[in-house]
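Q: Please model the complete structure; the sequences and the hints are all you need to start from.
As they're listed, the protein sequences go chains A and B. Everything in the first sequence is counted per the working numbering, starting at 1 for the first residue and increasing by one. Everything in the second sequence is counted per the working numbering, starting at 1 for the first residue and increasing by one.
If you're looking for bench data, these hints aren't it; they were derived computationally from the structure. For every residue, glycine included, the Cβ atom is placed at its ideal position computed from N, Cα and C. Misleading hints may appear alongside valid ones.
[What the hints assert, rightly or not] Listed next, with one range per pair, are the computed distances between beta-carbon atoms: (1) B:PHE16 to A:TRP277: 43 to 51 Å; (2) A:ASP164 to B:THR309: 57 to 65 Å; (3) B:GLU367 to A:ASP164: 52 to 60 Å.
What follows is each chain in one-letter form.
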Amino acid sequence: MVSFELSEEQTLLRDTCRDFALTVMRKQDRQADESGEIPADIVKQGHELGLTTGYLPEAYGGAGSRLSALDSVIIFEELAYGNLSMALNILAPSLLNIPLMLYGTDDQKKKYFTMNKPDQFQGFTAALTEPSVRFDPEALKTTALDDGDDFVLNGEKAFVAIADSALAALVFAKKGSGEGLAGIDGFIVPSGGFAVKEREKNQGLRALKQFTLSLDGARVQRPDVLKLSGGFANLLARSRTASIALTTGVCRAAYEYALAYAKERNAFGEPIASRQWVAFTLAEMATEIDAIRLMAWKSAWMLDKDMDAYKEASMGKRYAADIAMFITRNATQILGGHGFIREHPVEMWYRDARSFAVSEFMAIL
Amino acid sequence: MIDFELTPIMKMAREFTHTYARDVMRPIARKYDEEEHTEPTEFIQKTHEMFRSMGFSFSTANSSGDGEDKSEHKEKHDRPKMEMNLLGAIAIEEIAWGCPGLTLRIPGPGLGGAAIMAAGTPEQKKRFMKVLNGPKPSYGAMALTEPGFGSDASAVSTTAVQDGDYYILNGTKIFVTGGDMADLYVVWATLGKDLGRSGIKAFVVEKGTPGLKMARLEHKLGIRASDTAEVVLEDCRVHKDNLLGGEKKEEKGFKGAMQTFDATRPMVAAMAIGIARSAYDYVYEDFVVKNGLEINYGRPLHTRGYIETVLEDMEAKIHAARLLTWKAAWMLDHSLPNLKEASMAKAKAGTVVDEVTQKAIELYGPEGYSRRHLLEKWMRDAKVYDVFEGTGQIQRLVVARAILDYTRKELK
Ligand SMILES: Cc1cc2nc3c(=O)[nH]c(=O)nc-3n(C[C@H](O)[C@H](O)[C@H](O)COP(=O)(O)OP(=O)(O)OC[C@H]3O[C@@H](n4cnc5c(N)ncnc54)[C@H](O)[C@@H]3O)c2cc1C
Ligand SMILES: Cc1cc2nc3c(=O)[nH]c(=O)nc-3n(C[C@H](O)[C@H](O)[C@H](O)COP(=O)(O)OP(=O)(O)OC[C@H]3O[C@@H](n4cnc5c(N)ncnc54)[C@H](O)[C@@H]3O)c2cc1C
Numbered sequence: 001m002v003s004f005e006l007s008e009e010q011t012l013l014r015d016t017c018r019d020f021a022l023t024v025m026r027k028q029d030r031q032a033d034e035s036g037e038i039p040a041d042i043v044k045q046g047h048e049l050g051l052t053t054g055y056l057p058e059a060y061g062g063a064g065s066r067l068s069a070l071d072s073v074i075i076f077e078e079l080a081y082g083n084l085s086m087a088l089n090i091l092a093p094s095l096l097n098i099p100l101m102l103y104g105t106d107d108q109k110k111k112y113f114t115m116n117k118p119d120q121f122q123g124f125t126a127a128l129t130e131p132s133v134r135f136d137p138e139a140l141k142t143t144a145l146d147d148g149d150d151f152v153l154n155g156e157k158a159f160v161a162i163a164d165s166a167l168a169a170l171v172f173a174k175k176g177s178g179e180g181l182a183g184i185d186g187f188i189v190p191s192g193g194f195a196v197k198e199r200e201k202n203q204g205l206r207a208l209k210q211f212t213l214s215l216d217g218a219r220v221q222r223p224d225v226l227k228l229s230g231g232f233a234n235l236l237a238r239s240r241t242a243s244i245a246l247t248t249g250v251c252r253a254a255y256e257y258a259l260a261y262a263k264e265r266n267a268f269g270e271p272i273a274s275r276q277w278v279a280f281t282l283a284e285m286a287t288e289i290d291a292i293r294l295m296a297w298k299s300a301w302m303l304d305k306d307m308d309a310y311k312e313a314s315m316g317k318r319y320a321a322d323i324a325m326f327i328t329r330n331a332t333q334i335l336g337g338h339g340f341i342r343e344h345p346v347e348m349w350y351r352d353a354r355s356f357a358v359s360e361f362m363a364i365l
Numbered sequence: 001m002i003d004f005e006l007t008p009i010m011k012m013a014r015e016f017t018h019t020y021a022r023d024v025m026r027p028i029a030r031k032y033d034e035e036e037h038t039e040p041t042e043f044i045q046k047t048h049e050m051f052r053s054m055g056f057s058f059s060t061a062n063s064s065g066d067g068e069d070k071s072e073h074k075e076k077h078d079r080p081k082m083e084m085n086l087l088g089a090i091a092i093e094e095i096a097w098g099c100p101g102l103t104l105r106i107p108g109p110g111l112g113g114a115a116i117m118a119a120g121t122p123e124q125k126k127r128f129m130k131v132l133n134g135p136k137p138s139y140g141a142m143a144l145t146e147p148g149f150g151s152d153a154s155a156v157s158t159t160a161v162q163d164g165d166y167y168i169l170n171g172t173k174i175f176v177t178g179g180d181m182a183d184l185y186v187v188w189a190t191l192g193k194d195l196g197r198s199g200i201k202a203f204v205v206e207k208g209t210p211g212l213k214m215a216r217l218e219h220k221l222g223i224r225a226s227d228t229a230e231v232v233l234e235d236c237r238v239h240k241d242n243l244l245g246g247e248k249k250e251e252k253g254f255k256g257a258m259q260t261f262d263a264t265r266p267m268v269a270a271m272a273i274g275i276a277r278s279a280y281d282y283v284y285e286d287f288v289v290k291n292g293l294e295i296n297y298g299r300p301l302h303t304r305g306y307i308e309t310v311l312e313d314m315e316a317k318i319h320a321a322r323l324l325t326w327k328a329a330w331m332l333d334h335s336l337p338n339l340k341e342a343s344m345a346k347a348k349a350g351t352v353v354d355e356v357t358q359k360a361i362e363l364y365g366p367e368g369y370s371r372r373h374l375l376e377k378w379m380r381d382a383k384v385y386d387v388f389e390g391t392g393q394i395q396r397l398v399v400a401r402a403i404l405d406y407t408r409k410e411l412k
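A: Put into structure tokens, the structure is as follows:
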């Protein structure tokens with residue numbers, strides 16, 4: 001039976017995250033963007049909300065709550081509404097935890113889940129993207145050669161979040177001749193197993209530390225190979241669904257700011273919001289935000305029902321990424337010259353939003 | 001709890017209406033486009049019998065049956081037995097996929113019925129719905145638009161002057177969908193310009209009432225299977241029992257008319273989505289099914305061709321519009337105020353249907369321009385979905401006022 005109503009639990013979850021977004025993340029978003037540093041305290045507080053460890057089994061120190069893609073999209077929207085860099089940092093542990101939940105062996109779960117501490121942020125990360133124009137996940141250049149007991153990894157990875165502090169990275173590579181996405185597996189490489197190269201300098205997401213990595217004959221023992229058995233597409237479906245939700249959050253931030261500004265700002269003796277271009281643009285923004293939120297929900301709902309959401313998620317991500325440009329660009333425009341000035345956050349959201357169309361695997365739900 | 005699972009009844013209705021659209025409507029869609037003003041008599045009869053046997057009318061979902069208002073549930077958490085608006089949106093998307101012009105020709109309460117349901121008293125609903133859902137094909141028309149206005153519904157200039165138990169109506173109404181065949185017309189008239197909006201009332205004028213005259217039929221760009229008429233009222237006497245909402249001032253009047261749109265806009269949006277989908281499906285069939293083009297969702301742009309990305313964009317837009325429409329209909333089913341959402345859905349669907357039908361022709365090349373195919377027809381049909389039931393600009397105005405919390409004066 002179709003319903004667009006959040007459960008009471010989800011409403012509470014949303015409100016908690018929204019409150020955190022507004023009262024904690026937003027307070028330091030500009031400073032974080034300028035300095036390139038996310039205050040450790042924010043990550044810690046975000047972590048303590050239990051969003052990336054709550055679903056871990058009780059046996060491994062988690063709260064044992066259900067892993068729900070729907071709950072996650074609700075959370076992700078709010079965190080991105082706060083700040084995208086901070087959201088991605090806070091959510092980083094899931095980059096390993098969730099693939100392990102879905103595909104890990106008991107030994108792997110035991111080994112890595114217990115590294116998560118409810119009261120202390122312990123970073124994990126994942127490495128998929130490679131530093132090349134025309135990057136294609138189906139044509140990974142990173143290789144994993146079977147060398148008896150171990151696999152030997154060689155290659156370069158790029159845009160790996162918090163690689164400098166992560167306890168381990170889930171490196172995606174092809175070990176055999178498997179076709180396309182189906183041939184991709186995960187290799188858990190502890191810190192030290194990869195060389196952290198220079199920090200990425202991006203147009204946006206400036207507060208989030210991302211790095212290029214090089215894997216120069218890194219050895220991964222068999223027990224640390226995460227056999228996806230064709231599940232990589234499912235992981236992509238989960239990260240792309242997450243991407244739609246994150247997009248919704250950034251869009252909503254920009255939209256709300258522009259809306260409030262438009263009611264305050266006068267030109268020609270009237271608030272600019274009373275001009276149809278401004279008002280209609282805001283109306284279209286509101287409409288598209290509703291639409292992409294529903295796309296995220298639909299895709300997440302499918303994931304929770306164990307349906308194949310790859311198409312839904314991929315199509316939604318692409319659509320939402322376009323919408324993100326439409327919305328953040330126009331939010332900036334509605335602020336006029338002030339939109340161009342870094343005193344206001346809209347230019348930051350405009351830069352942050354550009355990432356959605358070009359990034360893969362920024363978060364996973 | 002968020003859920004996208006359709007009920008078995010919805011799935012059945014979707015399949016059934018789709019089959020009907022494909023097998024009965026598609027084969028005659030071109031004929032009634034070319035032969036404007038020809039009554040599709042057989043289609044009307046057949047469709048009427050079929051829907052009657054199902055006990056459901058598709059023109060306006062919440063005005064089927066005996067006039068009991070199925071969408072009216074005072075208590076917010078009182079779940080309606082049947083989600084008639086959502087069911088209607090799902091079914092009418094399929095029907096419009098068959099042919100949007102013929103869709104508007106399907107007998108039933110129509111826009112007139114929707115207005116009666118929104119603004120009528122319980123007795124009026126019962127009385128008129130009996131006619132509109134009767135054994136013979138019948139139709140309820142809405143006569144609001146006049147030569148002097150369309151969007152600005154407060155500019156009604158057709159007059160209603162009381163004369164004992166009767167009101168005497170005088171004026172000209174244009175663009176009345178089904179105005180050639182209606183059994184009932186909901187005519188909007190003013191009791192006096194000085195009364196402003198509160199003086200605007202809706203009267204049910206029955207077919208055959210002296211002074212009610214169908215003056216002419218329009219020649220249109222699209223939806224040619226549906227006739228659009230000019231209706232003239234000349235000293236047309238209507239009993240006061242036909243004044244929707246009754247004579248009391250505090251009863252729903254103009255506001256009632258506007259509430260009609262909360263129910264009809266999601267339906268119109270759903271029809272627009274049906275048209276967009278017909279064009280999408282048509283090119284998909286040729287490129288993908290027949291010629292093996294692959295749509296590689298989620299693959300990097302540099303590996304993809306133009307046409308497959310355009311197809312994906314079309315599909316995504318349709319999907320977005322549909323989700324908005326379902327939400328708006330669902331809200332109404334659950335008695336949640338949906339003014340903003342209904343306009344969002346209508347605005348989005350009205351834009352998407354134009355974009356998709358235009359693009360489909362482009363993808364098809366010169367052949368797409370030919371009347372051998374229905375693509376060019378769908379593009380023509382599509383245009384009015386961004387016009388009637390409130391233009392795209394009016395929808396944006398409604399949404400903008402809602403989000404800005406602006407009055408009509410603050411945002412014109
Ligand atoms: C980098 C930079 C350099 C600049 N250099 C100079 C300079 O050298 N000298 C100088 O004098 N100024 C300069 N400016 C200022 C610039 O010209 C103004 O920012 C610009 O004219 C817009 O004015 P505003 O910022 O006050 O926006 P506002 O006038 O407040 O407009 C805000 C928004 O409302 C819209 N809007 C306003 N009125 C209407 C209307 N009637 N209908 C519809 N929409 C409307 C605008 O299009 C805009 O989207 C500079 C600005 C920047 C960012
Ligand atoms: C095929 C067809 C069937 C129809 N069926 C019916 C029917 O059954 N019953 C009925 O009563 N009517 C019907 N209509 C009329 C329809 O609802 C009107 O045409 C529509 O509401 C627009 O009114 P208008 O044509 O007078 O345009 P106008 O109101 O004159 O608008 C002209 C243009 O100005 C724009 N505009 C107007 N006001 C504003 C504003 N404030 N801000 C920005 N832009 C604005 C409009 O968006 C539009 O682009 C039908 C029309 C057609 C074409």
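Q: Hint by hint, note whether the structure agrees.
A: Structure-based check of all given hints:
1. B:PHE16 to A:TRP277: 43 to 51 Å: 45 Å, holds
2. A:ASP164 to B:THR309: 57 to 65 Å: 37 Å, violated
3. B:GLU367 to A:ASP164: 52 to 60 Å: Holds, since B:GLU367 and A:ASP164 (Cβ atoms, about 58 Å apart) stay within the stated range.
Violated hint for the displayed structure: number 2, the only one.
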